[in-house]
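A.B. asks: What follows is each chain in one-letter form.
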Amino acid sequence: MSEEELQKQFETTTPPQGTDPDVAAYRKIFAALGKEPKLTISSDFAGAVVKRIVTKKKREARRDFFWLTFGVVFLLVGLIVTAVVAGLRFELGFLKEMSGILIFSAAMILGFNWLEKKTLAKKMS
Amino acid sequence: MQAFRLLIHQNERLVAHMIGRIVKKDEEVEELCQDVFMKVHDKLSEFNFQSKLSTWIATIAYRHAINHLRKEKILFSDIPDEERFSKSFVEAENPQSITEEHDMDKFIMKLIDELPVQYKTILTLYHVQSMTYPEICEITGMPEGTVKNYLFRARNLLKEKVKKYIGKEDLL
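Here the protein sequences come in this chain order: V and D.
So for the first sequence, this note's numbering puts the first residue at 1; every next one is plus one.
So for the second sequence, this note's numbering puts the first residue at 126; every next one is plus one.
Since the hints were derived computationally from the structure, they do not count as laboratory data.
It is possible that part of the hints are untrue.
These stretches of chain D come out as covered by chain V in the derived footprint (C-beta under 8 Å, 3 or more residues) [as the list claims (entries may be wrong)]:
no., segment
1, 130 to 136
2, 140 to 147
3, 176 to 182
4, 185 to 191
5, 259 to 272
In silico PhoX-like pairs for lysine-lysine, Cα to Cα no more than 20 Å straight-line [what the hints assert, rightly or not]:
no., chain 1, residue 1, chain 2, residue 2
6, D, Lys289, V, Lys28
7, V, Lys58, D, Lys235
8, D, Lys164, V, Lys57
9, D, Lys231, V, Lys38
10, D, Lys150, D, Lys289
11, D, Lys164, V, Lys28
12, V, Lys51, D, Lys168
13, V, Lys28, D, Lys231
14, V, Lys57, D, Lys168
15, D, Lys273, D, Lys150
16, D, Lys149, D, Lys235
17, D, Lys164, V, Lys56
18, V, Lys35, D, Lys164
19, D, Lys245, V, Lys38
20, V, Lys28, D, Lys245
21, V, Lys35, D, Lys235
22, D, Lys149, D, Lys196
23, D, Lys273, V, Lys8
24, V, Lys38, V, Lys8
25, D, Lys149, V, Lys38
26, V, Lys117, V, Lys58
27, D, Lys245, D, Lys235
28, D, Lys245, V, Lys8
29, D, Lys149, D, Lys231
30, V, Lys8, D, Lys288
31, D, Lys231, D, Lys288
32, V, Lys38, D, Lys164
33, D, Lys150, V, Lys38
34, D, Lys288, V, Lys28
35, D, Lys235, V, Lys51
36, D, Lys164, V, Lys58
37, D, Lys150, D, Lys245
38, D, Lys245, V, Lys35
39, V, Lys56, D, Lys245
40, D, Lys149, V, Lys35
Small disclaimer: the values here were computed from a predicted structure and weren't measured.
The C-beta atom is built at its ideal place from N, Cα and C for all residues, glycine as well.
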């Protein structure tokens with residue numbers, strides 16, 4: 001029997017028997033190969049991974065917030081500088097006439113933000 | 126997150142066995158396994174259901190382990206000269222840590238550790254994870270002929286070594 005056929009025989013439900021040195025060696029090898037090697041990971045492995053993911057997401061959220069704040073500040077500074085250099089005057093009289101709708105819009109935006117954070121936080125945990 | 130925790134539980138053994146076979150330092154295995162699941166989490170939306178989820182995860186684990194070896198400049202690439210390697214593997218005297226091993230299963234496990242990365246990976250996927258040839262091909266990126274050839278050679282090398290060991294044991 002060729003070496004290849006011998007290996008194939010060991011994969012069947014009736015492996016070869018006998019005291020031939022090759023057969024004896026393969027018998028030991030096939031018995032050992034199917035056994036699970038010892039695990040080198042901690043018992044709460046999943047918990048450790050989830051913790052790392054949550055930490056990573058928080059770090060990313062902090063970074064996003066930093067760039068958003070930076071963008072808003074940069075925009076405001078740009079606006080002020082432009083207004084000063086160009087001598088612009090703001091007419092904000094219309095705000096008085098539309099105060100109701102402005103307050104309603106602000107309340108809606110804040111409300112939706114609050115609701116989104118609340119539901120997202122629940123989903124994340 | 127609960128669903129992802131379940132996914133980790135279902136696949137942690139697969140990833141740990143793969144990484145554990147390829148990376149020798151025990152202290153690095155846990156961190157590398159965690160890295161694999163971080164990658165899985167990041168790329169989960171890219172999974173297109175073309176293969177089994179476990180095969181996809183094993184592919185990420187295999188690539189991550191290989192990249193780690195590359196980063197650490199550990200020689201692993203193509204088996205340089207198969208004939209020469211086979212000869213040196215079979216004829217070389219076993220290190221003391223191996224010859225002192227009286228449990229045959231542990232002795233064989235230690236021999237597997239001495240094999241080239243490709244051989245070890247294929248042996249683990251085929252025998253421990255009971256994966257098919259096409260699945261192993263997808264994970265390792267090797268053609269089916271190469272996978273079959275490496276599996277045959279790995280088992281043959283182990284046989285020669287074990288045969289030598291059994292012979293010595295009989296003499297004692």
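A.B. asks: Which hints, by number, does the structure contradict?
C.D. replies: 3, 4, 5, 7, 10, 11, 15, 18, 24, 32, 35 and 39
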